[in-house]
Amino acid sequence: MARILLVDDDELLLLTLKTLLQTIGYEVVTACDGLQGLQAALEHAPDLILLDVRMPVLDGFGMLAALRANAATRTIPCVVLTALDDRESLDNALRHGADGMLLKPVQTEALLQAIAGRLEVLSARKHVGVRAVPRTPPDLTEKSDEDELNEVLLQSSVRARFKESREVSVLFSDIRNFSRLSEMLPASDLAEVLQQYYERAGKVMQHHGGMLVRIIGDALLAAFESPRNISGEHAGQAIRAGLLLQATARDYARELELRYPRRDLPPFAVGTGIHTGEVMVCSMGPGQTSEVTVIGDTVNVAARLEARSKEHGCTLVASAATANIASGRFMYGRREHVTLKGRSAPIEAVMVLGFSPRERVEPAEIVALRA
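Position 140 (the sequence shown) corresponds to 161 in my numbering; numbering is contiguous.
Heads up, some of the hints might be wrong.
[To be verified] Mimicking SDA-like on lysine to any residue, the simulated pairs with C-alpha atoms at most 25 Å apart in a straight line are:
#1 Lys331 x Pro287
#2 Lys224 x Pro367
#3 Lys224 x Glu48
#4 Lys39 x Asp195
#5 Lys224 x Arg355
#6 Lys125 x Leu242
#7 Lys125 x Ala92
#8 Lys224 x Ala240
#9 Lys39 x Lys125
#10 Lys125 x Glu188
#11 Lys331 x Arg379
#12 Lys39 x Thr96
#13 Lys362 x Lys224
#14 Lys39 x Glu220
#15 Lys362 x Phe376
#16 Lys362 x Gly349
#17 Lys125 x Glu220
#18 Lys39 x Ser144
#19 Lys331 x Leu242
#20 Lys331 x Ser203
#21 Lys362 x Glu380
#22 Lys362 x Pro378
#23 Lys331 x Pro367
#24 Lys362 x Arg379
#25 Lys39 x Arg187
#26 Lys224 x Glu204
#27 Lys39 x Gln128
#28 Lys331 x Arg355
#29 Lys125 x Leu41
Since the hints were made in silico from the structure, they are not lab data.
All chains should be modelled from the sequences, with the hints used to inform the complete structure.
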């Protein structure tokens, strides 16, 4: 039976479609963002890909472009599932290499007809030995497949949202007591603990308009940019995300206490640093192993502020550059000038205590922030 790759950040929809297609007899592989989808396409060589448009890390258009830029994946039929019901979205999907488009909520009959239709075309191609015409953009035809894929990835998702010379707010968060936690839990349990926490942390970032750029063991890096014509909004969104991240960690700590009642584990907690400034988006690493990331003094300062938060007994520290932009929206504690490791000039650090009475908090945030 045919193998189908489902790519969507809606976990409920993924589960529903996976169950439906497996019941019919299809082999199903799933991924929750465009980058994971690309990796799954290269690893599993699906006969058909169904993908969403709006996804974290790499969106559907970026994934389509990357698929069509790689010889190993450029002929795989792709059907876009989207709630974007307009001509521009359809044109975008087709321009990036989609073979079809279905509107959400997806109707079962329409979905199964679309799948059957694309697979029939694929079967006919294989039968007569005809390959689809590569959809590689003209300006990429002289480049290797690895170069094409890396360039498309670099131009989509993170780069599309965080332009060079644009001001952003960077959030760096680290799991406290991670070394002790590693000593006291088997590797399989530790991996599960991290996976579950980062799934929740990723949703927090996404809910506040942030991009989860990297996860590095026990730390995560996220970047926030303001919507058009709303200067400085990213600073407030980054602080809101930082506060909600603390609440998420507190809830998860209680969950771990119930899960491991006799382990005497150290309390699960996170420390967070936030700074506002310019970043450079670049690709690090050789060939297809390269990763899109953000670098610069802004990232370094956010990480150093997180490290200093441990010394000052607090969990969320922002630079004055960030706190002042979001002035009036949050309650701040002690301010002081600190010298950060590897930096000659001191920086003013501000303890973030919580929301101000004037700041509107969404209902979901009220529940999550309840201690």
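**Given pair status - Arg355, Lys331, alpha carbons within 25 Å** = 14 Å, holds
**Given pair status - Arg379, Lys362, alpha carbons within 25 Å** = 36 Å, violated
**Item:** 25 Å limit on alpha-carbon distance, applied to hinted pair Lys125 and Ala92
**Value:** Answer violated: Lys125 to Ala92 is near 30 Å, above 25 Å.
**Asked** Going straight from one Cα to the other, do Lys125 and Glu188 come out at no more than 25 Å?
**Response** Violated, at about 34 Å.
**Asked** Is the straight-line distance between the alpha-carbon of Lys362 and that of Phe376 25 Å or less?
**Response** 30 Å, violated
**Message:** Does Gln128 sit within 25 Å of Lys39, going by the straight-line distance between their CA atoms?
**Reply:** Holds, at roughly 14 Å.
**Pairwise hint evaluation, Arg355 against Lys224, where the allowed Cα distance is 25 Å at most** = Violated - the C-alpha atoms of Arg355 and Lys224 are around 30 Å apart, more than 25 Å.
**Asked** Going straight from one Cα to the other, do Lys39 and Asp195 come out at no more than 25 Å?
**Response** Violated, because 34 Å separates the two Cα atoms, which is more than 25 Å.
**Asked** Between Lys362 and Pro378, does the CA-CA distance stay at or below 25 Å?
**Response** Violated, because 35 Å separates the two Cα atoms, which is more than 25 Å.
**Prompt:** Under the criterion that the straight-line Cα-Cα distance not exceed 25 Å, is the pair Lys224, Glu204 satisfied?
**Reply:** 28 Å, violated
**Request:** Compare the distance between the alpha carbons of Lys331 and Pro367 with 25 Å, and conclude whether the hinted pair is satisfied.
**Result:** 18 Å, holds
**25 Å limit on alpha-carbon distance, applied to hinted pair Lys331 and Arg379** = 29 Å, violated
Hints 2, 3, 4, 5, 6, 7, 10, 11, 13, 15, 16, 21, 22, 24, 25 and 26 from the list above are not met by this structure, while the remaining hints are.
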